[in-house]
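A.B. asks: Following the hints, complete the assembly by docking chain B onto the known chain A.
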Amino acid sequence: MSPPADPLRVAAGARKVVTQCAGLRAGERALVVTDYLTAEVGRALAEAAGAAGAEVVVVVMPPRGAHGEEPPGAVRAALAEADVAFIPVARSISHTEAVRAARSAGARVVVMPEFELRLLAEGGIEADFAALRPLVTWYADRFGEAGEAHLTCPRGTDARFSLAGRPGRALTASALEPGAFTPLPNLEASIAPLEGTAEGTLVVDGSVAGQGLVRTPIRLALRGGRAVSVEGGEEAARLRRTLEAAGDEKAWWVGELGVGLNPKMRLTGTLLEDEGSWGTVHVALGSNAGFGGTIATSRHLDLVLRSATLALDGEVVVREGVPVGHLRAAIPDPPR
Amino acid sequence: MKEVLLARGARKLAEVNGRVRPGEPVVVVSDYAMGPMALRVATAAAACGGEVVTCFMPPRERHGQEPPAPVAAAMGEARVLFTPVSVSITHTRAMRAALDRGARAILMTAYTEDLLRSPALLETDFEAQAGLCRRLGAAFTAGKRVRLTSPRGTDLRFSIEGRAANVLTNIPEPGELAPVPDIEVNVVPLEGTAEGRVVVDASVPYLGIGVLRQPILCTVEGGFITRVEGGEQAEALERALRSPGDPNCFNLAELGVGLNPNARLTGLMLEDEGVLGTIHLGVGTSHTLGGRVMAPTHYDLLMWEPTIEVDGRTVQRGREVLV
Chain A
1 MSPPADPLRV AAGARKVVTQ CAGLRAGERA LVVTDYLTAE VGRALAEAAG AAGAEVVVVV
61 MPPRGAHGEE PPGAVRAALA EADVAFIPVA RSISHTEAVR AARSAGARVV VMPEFELRLL
121 AEGGIEADFA ALRPLVTWYA DRFGEAGEAH LTCPRGTDAR FSLAGRPGRA LTASALEPGA
181 FTPLPNLEAS IAPLEGTAEG TLVVDGSVAG QGLVRTPIRL ALRGGRAVSV EGGEEAARLR
241 RTLEAAGDEK AWWVGELGVG LNPKMRLTGT LLEDEGSWGT VHVALGSNAG FGGTIATSRH
301 LDLVLRSATL ALDGEVVVRE GVPVGHLRAA IPDPPR
Chain B
337 MKEVLLARGA RKLAEVNGRV RPGEPVVVVS DYAMGPMALR VATAAAACGG EVVTCFMPPR
397 ERHGQEPPAP VAAAMGEARV LFTPVSVSIT HTRAMRAALD RGARAILMTA YTEDLLRSPA
457 LLETDFEAQA GLCRRLGAAF TAGKRVRLTS PRGTDLRFSI EGRAANVLTN IPEPGELAPV
517 PDIEVNVVPL EGTAEGRVVV DASVPYLGIG VLRQPILCTV EGGFITRVEG GEQAEALERA
577 LRSPGDPNCF NLAELGVGLN PNARLTGLML EDEGVLGTIH LGVGTSHTLG GRVMAPTHYD
637 LLMWEPTIEV DGRTVQRGRE VLV
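So the sequences go chain by chain: A and B. Number 336 marks the last residue of the first sequence (our numbering); no jumps. Number 659 marks the last residue of the second sequence (our numbering); no jumps.
Okay, chain A solo, but in the shape it has when bound (with noise of 0.2 Å):
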């Protein structure tokens, strides 16, 4: 058990959350989606968004069974008519009809998969958003110019997806216009590679959304833009079941690439901490009808990459697990 989250700490992040992250202002309607799991967060966040001068209802369901259910349609219904939607859960809903239906009518949203108390206290919550903000764009518009992305790593590793036509996708931890969208504390750029299009081998060797670290590595042949077989120990018969529980080929389909950009967030095992881990990568498996793809499903799984090597039409901008595109560009570094 971790020592209980300092909650003065705990207040300043909820703080950051509502006004820095979401641009809460005084009069806007505010919605806290929660689950009876993670109310306490929920409540952190009704506080600082009451302070802020809004009108805050907060909802709380069941948490979901599986990262990308559905919520209940009270839940649904509830989002539709909120201005500010911050959404802490145990199991995400960010990749849901729910929330792009939100999304579609001009709400702004702050996600939170996964999340306890002591990470509105420390860790990726204490990065500088605005600092990092130009970097993180610099990555997505390098996404969204590539037409190839070829992803290789030391333990085998070495995967091919054609990204063209596709727009890259910038999570700078802020959420301030109608219908932006962002998960917290995450900082990424990622973008939805042209379904059909994957090829080769994965070897995830971080974690997997939902299951934790990866101690032995996973093994994924892909084909045509899908996983068609996962191979390894314990962990890689689990990934398989969970795919096979979808009851969906779709959830089989490689629907992302991204690079995780938070210097404070380290692998640690929780899909939030992990995606967003300063020079991760992740290749998701399932929906992207959210950032520009064409899968819909109920399922997106995110598989995370230690020390991978990432290139965008043959430049490097990922090596070895350290960011380095930006380098070239006439971007400072980021703060450590």
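Heads up, some of the hints might be wrong.
Claimed, not checked - Chain A is faced by these chain B residues, among others (derived, beta-carbon under 8 Å):
| id | residue |
| --- | --- |
| 1 | Cys384 |
| 2 | Glu387 |
| 3 | Phe392 |
What the hints assert, rightly or not - Label pairs and their computed distance ranges (CB to CB):
| id | chain 1 | residue 1 | chain 2 | residue 2 | range |
| --- | --- | --- | --- | --- | --- |
| 4 | B | Gly581 | A | Gly27 | 56 to 64 Å |
| 5 | A | Asp6 | B | Leu341 | 34 to 42 Å |
| 6 | B | Pro395 | A | Ser229 | 33 to 41 Å |
| 7 | A | Leu213 | B | Pro510 | 43 to 51 Å |
| 8 | B | Gly498 | A | Asp248 | 50 to 58 Å |
Everything labelled a hint here was simulated from the structure, so no lab data went into it. Glycine residues also receive a C-beta, built at the ideal position from the N, C-alpha and C atoms.
C.D. replies: Frame of chain A, contents of chain B only:
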């Protein structure tokens, strides 16, 4: 560890009154002043297997103020709705919309721990009382003229021709409200027909008045209360009826019959109005009960030992319902 004592009442609300079934979408609407009560009923509903979504909002500033849009939207998706709120949202468009979509609503405005432990909730066999409620409701619905008398001197007559009774068994069907443990049948008099004298001697469970120390005498003419006499509590009532400056506040809106054999007079609305052996006359708004009058207020005036005749036949005397 008082939660151990409160669990039985919460469970009954979910299981017997709400009839929550496994997998049913349940919405609990509450506000920041009623958190613990919301948690109790949400827990009980979840124990029945319901899929429970709990909403919190700032307390309403006055009874009948609409809930925020996200809460109203959530209510519209409920099969079963519980509303432990500190200020009522019963008479709102959001509630109307939820009921029209088939929700079964358990009303818990200002619910107290005492109510959760009361015999009115725990001892009453709601299913058994339901038959009685329906028979009395049928008598009102079919009836034309009502005469209300009491040993203290009440003598009031009015027409109910064409009016349907509202039967609140506390076990709601889709589209029905249940102010548990207030089991009652009520009917709205035809506007303009009520004439007579009313001696209110039990309670006015509103405005901080509560159990009456001294009876309140009301004169009723042409469907309106035209005079209010008595002591301090009568004065408080009259001030409240005058202060909105709307004559409809004096409209005789409702005859309600309490039908919970275990309810006791405590000054709390949800318990008082169900006390078997009392009736209450509603004053003010009637449109939410099927009448035509809209007013900014609705208060209920309770009296002991009523005798109710419908078309010359006695349907109730004291605690005895004779249909």
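A.B. asks: Hints first: check each against the structure and report whether it holds.
C.D. replies: Here is how each hint holds up against the structure:
no.: 1; hint: Cys384; verdict: violated (13 Å)
no.: 2; hint: Glu387; verdict: holds (6 Å)
no.: 3; hint: Phe392; verdict: holds (4 Å)
no.: 4; hint: B:Gly581 to A:Gly27: 56 to 64 Å; verdict: violated (31 Å)
no.: 5; hint: A:Asp6 to B:Leu341: 34 to 42 Å; verdict: holds (36 Å)
no.: 6; hint: B:Pro395 to A:Ser229: 33 to 41 Å; verdict: violated (57 Å)
no.: 7; hint: A:Leu213 to B:Pro510: 43 to 51 Å; verdict: holds (49 Å)
no.: 8; hint: B:Gly498 to A:Asp248: 50 to 58 Å; verdict: holds (57 Å)
Hints 1, 4, 6, counting from the list given before, are not met by this structure.
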